[in-house]
Amino acid sequence: MSDQELTQIAHTVDAIVTRAAATDLREGGERQVDHTALKLLTEAGLRRVAVTEAAGGSDGELPHLAVVLKRLGYHAVNIALLEDHLAAELLAPHTAVAPEDMLTVSSRSDLIVAQVDGHAVVSGSCWHVPWSRTASLVVAPAKSDAGQVLVALPTAEAAITPHHNVAGEPRDHLTFNAVAPVAEVNDSGSVMKLRSRVLLYRALTMLGAGERALDLTITHVTDRTQFGSPLSRRQVVQHYIAEMFGALTAARAACDAAVSALAGGTGPTTLATSLATRIEADRMASVVARLSHQLHGAIGFTQEHPLHLSTTRLTAWRQDDLSETACALELSRLVPDLGGPWDTLTARRLQM
Amino acid sequence: MTLALAAVDVDAAMDTLRSEVRAFIAEAVSAGRFVPDCDSWLAGWAPAFSAELAARGWIGMAIPREYGGSGRGSLERYVVIEELLAAGAPVAAHWIADRQIAPALLRYGTEQQKQAYLPKIASARAFFALGMSEADAGSDLAAIRTKATKVEGGWRLNGAKLWTSGGHHAHAMVVLARTCPVDAQARHSGMSQFIVDLRASEVTINPILLMSGEHHFNEVVFEDALVSDDAVLGTIGDGWKQVTAELAYERSGPERLLSTFPLLTAMFRRLEAAADASEAELAALGALLSRARSLREISMSIASALQRGEAPDVAAAVAKDLGTRFEQDVVDTALRILDGVCADPSSSDELERLLSRAALHSPGFTLRGGTNEILRGVVARGLGLR
Numbered sequence: 001m002s003d004q005e006l007t008q009i010a011h012t013v014d015a016i017v018t019r020a021a022a023t024d025l026r027e028g029g030e031r032q033v034d035h036t037a038l039k040l041l042t043e044a045g046l047r048r049v050a051v052t053e054a055a056g057g058s059d060g061e062l063p064h065l066a067v068v069l070k071r072l073g074y075h076a077v078n079i080a081l082l083e084d085h086l087a088a089e090l091l092a093p094h095t096a097v098a099p100e101d102m103l104t105v106s107s108r109s110d111l112i113v114a115q116v117d118g119h120a121v122v123s124g125s126c127w128h129v130p131w132s133r134t135a136s137l138v139v140a141p142a143k144s145d146a147g148q149v150l151v152a153l154p155t156a157e158a159a160i161t162p163h164h165n166v167a168g169e170p171r172d173h174l175t176f177n178a179v180a181p182v183a184e185v186n187d188s189g190s191v192m193k194l195r196s197r198v199l200l201y202r203a204l205t206m207l208g209a210g211e212r213a214l215d216l217t218i219t220h221v222t223d224r225t226q227f228g229s230p231l232s233r234r235q236v237v238q239h240y241i242a243e244m245f246g247a248l249t250a251a252r253a254a255c256d257a258a259v260s261a262l263a264g265g266t267g268p269t270t271l272a273t274s275l276a277t278r279i280e281a282d283r284m285a286s287v288v289a290r291l292s293h294q295l296h297g298a299i300g301f302t303q304e305h306p307l308h309l310s311t312t313r314l315t316a317w318r319q320d321d322l323s324e325t326a327c328a329l330e331l332s333r334l335v336p337d338l339g340g341p342w343d344t345l346t347a348r349r350l351q352m
Numbered sequence: 353m354t355l356a357l358a359a360v361d362v363d364a365a366m367d368t369l370r371s372e373v374r375a376f377i378a379e380a381v382s383a384g385r386f387v388p389d390c391d392s393w394l395a396g397w398a399p400a401f402s403a404e405l406a407a408r409g410w411i412g413m414a415i416p417r418e419y420g421g422s423g424r425g426s427l428e429r430y431v432v433i434e435e436l437l438a439a440g441a442p443v444a445a446h447w448i449a450d451r452q453i454a455p456a457l458l459r460y461g462t463e464q465q466k467q468a469y470l471p472k473i474a475s476a477r478a479f480f481a482l483g484m485s486e487a488d489a490g491s492d493l494a495a496i497r498t499k500a501t502k503v504e505g506g507w508r509l510n511g512a513k514l515w516t517s518g519g520h521h522a523h524a525m526v527v528l529a530r531t532c533p534v535d536a537q538a539r540h541s542g543m544s545q546f547i548v549d550l551r552a553s554e555v556t557i558n559p560i561l562l563m564s565g566e567h568h569f570n571e572v573v574f575e576d577a578l579v580s581d582d583a584v585l586g587t588i589g590d591g592w593k594q595v596t597a598e599l600a601y602e603r604s605g606p607e608r609l610l611s612t613f614p615l616l617t618a619m620f621r622r623l624e625a626a627a628d629a630s631e632a633e634l635a636a637l638g639a640l641l642s643r644a645r646s647l648r649e650i651s652m653s654i655a656s657a658l659q660r661g662e663a664p665d666v667a668a669a670v671a672k673d674l675g676t677r678f679e680q681d682v683v684d685t686a687l688r689i690l691d692g693v694c695a696d697p698s699s700s701d702e703l704e705r706l707l708s709r710a711a712l713h714s715p716g717f718t719l720r721g722g723t724n725e726i727l728r729g730v731v732a733r734g735l736g737l738r
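Chain order of the listed sequences is W and U.
For the first sequence, the positions run 1 to 352 when the working numbering is used.
For the second sequence, the positions run 353 to 738 when the working numbering is used.
Hints were generated in silico from the structure; no laboratory data involved.
Some hints here could point you the wrong way.
Facing chain W, from chain U, some residues (calculated, C-beta under 10 Å) [stated by the list, open to error]:
1) Ala536
2) Leu616
3) Arg645
Computed list of chain W residues with no C-beta within reach of chain U, every gap over 12 Å [what the hints assert, rightly or not]:
4) Thr36
5) Ala44
6) Ala54
7) Thr134
8) Asp145
9) Glu169
10) Val182
11) Glu184
12) Gly228
13) Gln303
14) Thr344
Covered stretches of chain W (chain U as the covering partner; in silico rule of three or more C-beta atoms under 8 Å from a C-beta of chain U) [claimed, not checked]:
15) 233–242
16) 245–251
Positions of the beta carbon are idealized from the N, C-alpha and C atoms, including for glycine.
Required output: the full structure, derived from the provided sequences and hints.
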């Protein structure tokens, strides 16, 4: 794949989103799916870009998906593309995946698989599941006699408690009581892949949202005049912008390295890479959300200004999957097995 | 604007080289030829160790073979120096010459200068100091007052350079001096660079002790020091342009993020051994490691951009701003989480010794090579804000 190809994908996503998301789709505090964007992305072959064709995908690779996720994050589009893509990726090698079905994933669950009359049934809960009410299946880790497995469960069989995050995106609680899974993947690599990929994909959407917040902020401080000159003339303003830019550069470097490292593998190095990437994205989100609001002044935290579309997502996404500290703790605990901190940093080079 | 920093992939040859360096380091440490320390690229002046590295072809790796280097390129050089820095090896003696003077000579030097200095740099027989800052010219480098006056056959140098690391050991110094009076309309013009022999009798070197009591800094005074025309580096009047072109090398290397890495390694080791390490302590180290990873990726991307002949000044400014703050964060984290530790340079406890050096050197990390405030200005300019 070439840089040109990736740029083309970014332009296509930009064009689609500009056509589709003219309005802020928010009702009663909760965002609604942007069906137009979803339809156009599907038609353009960008919905399941790195999934096999049989599962409605385009047979692309991780770098293609990374561009799509970054641009969707940038434009604050209300679709569960991240979740649908990951679920389809996880299921496709093991079971048929309907191209038109919308899927989601859960990384927080206490599901248990039991055998009843020779059939597997799943019970337990999934918390903060993204967009579950518009998905037909949720893919989640579960405990079984065989160890950790992945199960795909029909959302129609769940008791759903609606919930949403500060950006208004649905994050529901689902409870299953002896529900037959549509698919069961007995493969610890798949569970690891879910855990690792969901962190990386979220980091990529966060990176996009952070880039948008910086762009809006640079425009604002250049246009806004106080004390007779643009805010951008003030040194403290320049330093805040440099701080935001630095945080974004760190997050971008982490994401880019992770995308090239993860195109294939699973295992502790992969997980360490994803954990480190999510930590950097979270730190960026903290810096960028805080300073972009500070530099925008009052207008920035009104509904009429678009800044909140980025910053509420940056804030909300920090709460998805694993907190920054939980990531840091887990990363730290992987270090001895990876040979110490320096070997952990250089491991990608020595292959996993 | 974003920084186009492609993720770098290092091929298998690098892994072989990395393994060789690691084996060499492990042997040198176990044989007691060096004791790992923080900020070893400033504090670890060890000519004998430099000579060992030179014998293996690990100095002057970016110098072509015809000038006595190994010609292996800047990415392989990167692997060697990051391994040495992460291990806290004493590399100060050859550091400036290898990092900065050799590329400057290759870019601006005359054939005679290249022949004279590059083989000696690669064999660890010529160590250099940098002559930029002065008493009244810190962040505002264009305010330098050291003056070179044209005389028959050369230049007469008068003035004093300040905060010159290793000036009391180095053989030579590249001095930035005014060769024309200041033009208020064009402050950056009229400066030139000279290669000056620090053993000359018209050069006086006065020690300036760091707050730790260590002697690394110096004041270097020139009183009618005569330098020949052959000692002009590059073009008279182009000094500012030449100095700023070096900045990407000076600001983006692994030494801008690894100065305290030996302390981080020791902290991991300590917590690993402690049965009662708390989650808060472990998470604090994990957060540092994730930042180190991003910084390393940024730094390596800049190294490959430099190799391609690009001048990623804004990226280098970001790398140094973030990297040096990370170096300080390692120290701050150690102070915050380590209980029952008292930093002491003479302690038999490795952690106490490393923390002592790191804590006392820490303020310098965000000052040397351009203060972080100056760097943020560079970033702002790159983003079109000034």
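Verification of the hints:
A hinted interface residue such as U/Ala536 counts as satisfied when its beta carbon comes closer than 10 Å to some beta carbon of chain W; here the least separation is about 22 Å, so the hint is violated. For U/Leu616, the suggested interface contact is upheld, since its CB lies about 6 Å from the closest CB of chain W, less than 10 Å. For U/Arg645, the interface hint holds, the least distance from its beta-carbon to any beta-carbon of chain W being 5 Å, beneath 10 Å. Once the 12 Å rule is applied to beta carbons, W/Thr36 is consistent with being away from chain U; the minimum gap is 28 Å.
Separation of W/Ala44 from chain U is adequate, the least Cβ-Cβ distance of about 24 Å exceeding the 12 Å criterion. For W/Ala54, the shortest C-beta to C-beta distance to chain U comes to about 30 Å, beyond the 12 Å cut-off, and the non-interface label holds. Look at W/Thr134: its CB is around 32 Å from the nearest CB on chain U, clear of 12 Å, so calling it non-interface holds up. Every CB of chain U lies more than 12 Å from the CB of W/Asp145, the least distance being 31 Å, so the non-interface label holds.
At the 12 Å boundary, the C-beta of W/Glu169 stays outside the reach of chain U, the nearest C-beta of that chain being 25 Å off. The claim that W/Val182 is not at the interface with chain U holds, since no C-beta of that chain comes within 12 Å of its own (minimum 36 Å). With a closest Cβ-Cβ approach of about 33 Å to chain U, W/Glu184 is found to remain outside the 12 Å limit, as its non-interface label requires. Separation of W/Gly228 from chain U is adequate, the least Cβ-Cβ distance of about 17 Å exceeding the 12 Å criterion.
Look at W/Gln303: its CB is around 28 Å from the nearest CB on chain U, clear of 12 Å, so calling it non-interface holds up. For W/Thr344, the condition that its CB be more than 12 Å from all CB atoms of chain U is violated, with the nearest at approximately 7 Å. Figure legend: the region 233–242 of chain W, annotated as covered by chain U; annotation consistent (7 residues with Cβ-Cβ distances under 8 Å, at least 3 required). Figure legend: the region 245–251 of chain W, annotated as covered by chain U; annotation consistent (6 residues with Cβ-Cβ distances under 8 Å, at least 3 required).
Going through the hint list in order, the structure does not satisfy hints 1 and 14.
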